[in-house]
Amino acid sequence: MSDLEQRLRFALAPVEPPARLTDRFERALTEITDAAVEELADWELRSMRDPRNWLRPVGAGVAAGLAGGALVVVQARQRQRRRSKGRRRALVTGVRNAAQDARGRLRR
Amino acid sequence: MAELSGKAALDQEFSDLYRRHLRDVYSYSYYRVGNHHDAEDLTEQTFLQAYRHFERAQRESDGRPLRPWLIRIAHNLAANYYRDRSRRPQSNLEDASIVSATHDTEALVEGRQELEAILGGVQRLPEDRRDALIMRFALEMDNREIARALGRSEGATKVLIHRAIRQLAQSLKDEDEPPG
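Chains as they are written, first to last, in our numbering: chain A, 1 to 108; chain B, 1 to 180.
The set of hints was computed from the structure by calculation and includes no laboratory data.
C-beta: ideal position from N, C-alpha, C; glycine also.
Incorrect hints may appear among the rest.
[Said to hold, decoys possible] Here are a few chain A residues that sit away from chain B, every Cβ distance over 12 Å (derived from the structure):
1. D3
2. E16
3. P17
4. R27
5. D34
[What the hints assert, rightly or not] Sample of chain A residues facing chain B (criterion: CB under 10 Å; computed from the structure):
6. S2
7. L4
8. E5
9. R7
10. L8
11. F10
12. L12
13. R20
14. L21
15. R24
16. F25
17. A28
18. I32
19. A35
20. A41
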């Protein structure tokens, strides 16, 4: 290795990222997930008015849960996680109830 | 349920990727944009974009390391960053003390001027040469990885790095020699 290459290695030493960067990234992922859940909830309310869509949101609810999985990845704050999980759980439960109701109606 | 556990495994792998390469992406971003504020933005955007396309990248990687793919994302975002904001990279890195964390004080006192000359010379290189040197020396990537990150052949990458070092050496020599 030439002298200049050694000096380059010295000059371009790796830079440690600030700790706050991981917090920022977690927040960004949280926002994305929250936005997806809210969008899903709005879409759900609209689609529930049309019986043809009654079974579709079940899949969509699961998809929102999947997107939220990324939060676990970077150790998102417990409070945010609890809130997000709670919302998703309520969402999926609501969708399941609606689907059961829809199936009951179809049997009648 | 199998789908859920598959997603959980994928998220875990993304988590590993994030932890393993956060410093690489940040170092690349910092030497590329020249200040911590924009380096943080660039790093965050890089990982968000990587998260969106992670499953596909993994599928298409055939088991090869994903570091070049990550750095390529940062490279493309940095190019857009300058285009969108009509900015140029800062010629002087905002915080020359970054090296204090990795170099002892005596070496810093002795080599500060030289250090600044080298960093300035790197910043003045054409974009592709500068990027290649950052990848080689800050991230310790080999020719194959750099080639993948820059979308070039290994041969072309080897030539690129050779020319970058030669140009930098010439530029430092010119600075040392008094005009006239």
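Each hint, compared with the structure:
1. D3: violated (9 Å)
2. E16: Answer for E16 (chain A): violated, closest chain B Cβ roughly 6 Å.
3. P17: violated (4 Å)
4. R27: Given that some Cβ of chain B is not farther than 12 Å from that of R27 (chain A), nearest at about 9 Å, it is violated.
5. D34: At roughly 15 Å from the nearest Cβ of chain B, D34 (chain A) sits farther out than 12 Å, so the non-interface label holds.
6. S2: holds (7 Å)
7. L4: holds (5 Å)
8. E5: holds (7 Å)
9. R7: holds (6 Å)
10. L8: holds (5 Å)
11. F10: Because about 7 Å separates F10 (chain A) from the closest Cβ in chain B, which is inside the 10 Å limit, the hint holds.
12. L12: Hint on L12 (chain A): holds, closest Cβ of chain B at ~4 Å, below 10 Å.
13. R20: holds (8 Å)
14. L21: holds (6 Å)
15. R24: holds (6 Å)
16. F25: holds (5 Å)
17. A28: Holds. Min distance 6 Å.
18. I32: Since the shortest Cβ distance to chain B is 8 Å, the answer is holds.
19. A35: Hint violated; A35 (chain A) Cβ to chain B Cβ min 13 Å, cut 10 Å.
20. A41: Constraint on A41 (chain A) not satisfied, violated at 20 Å.
Going through the hint list in order, the structure does not satisfy hints 1, 2, 3, 4, 19 and 20.
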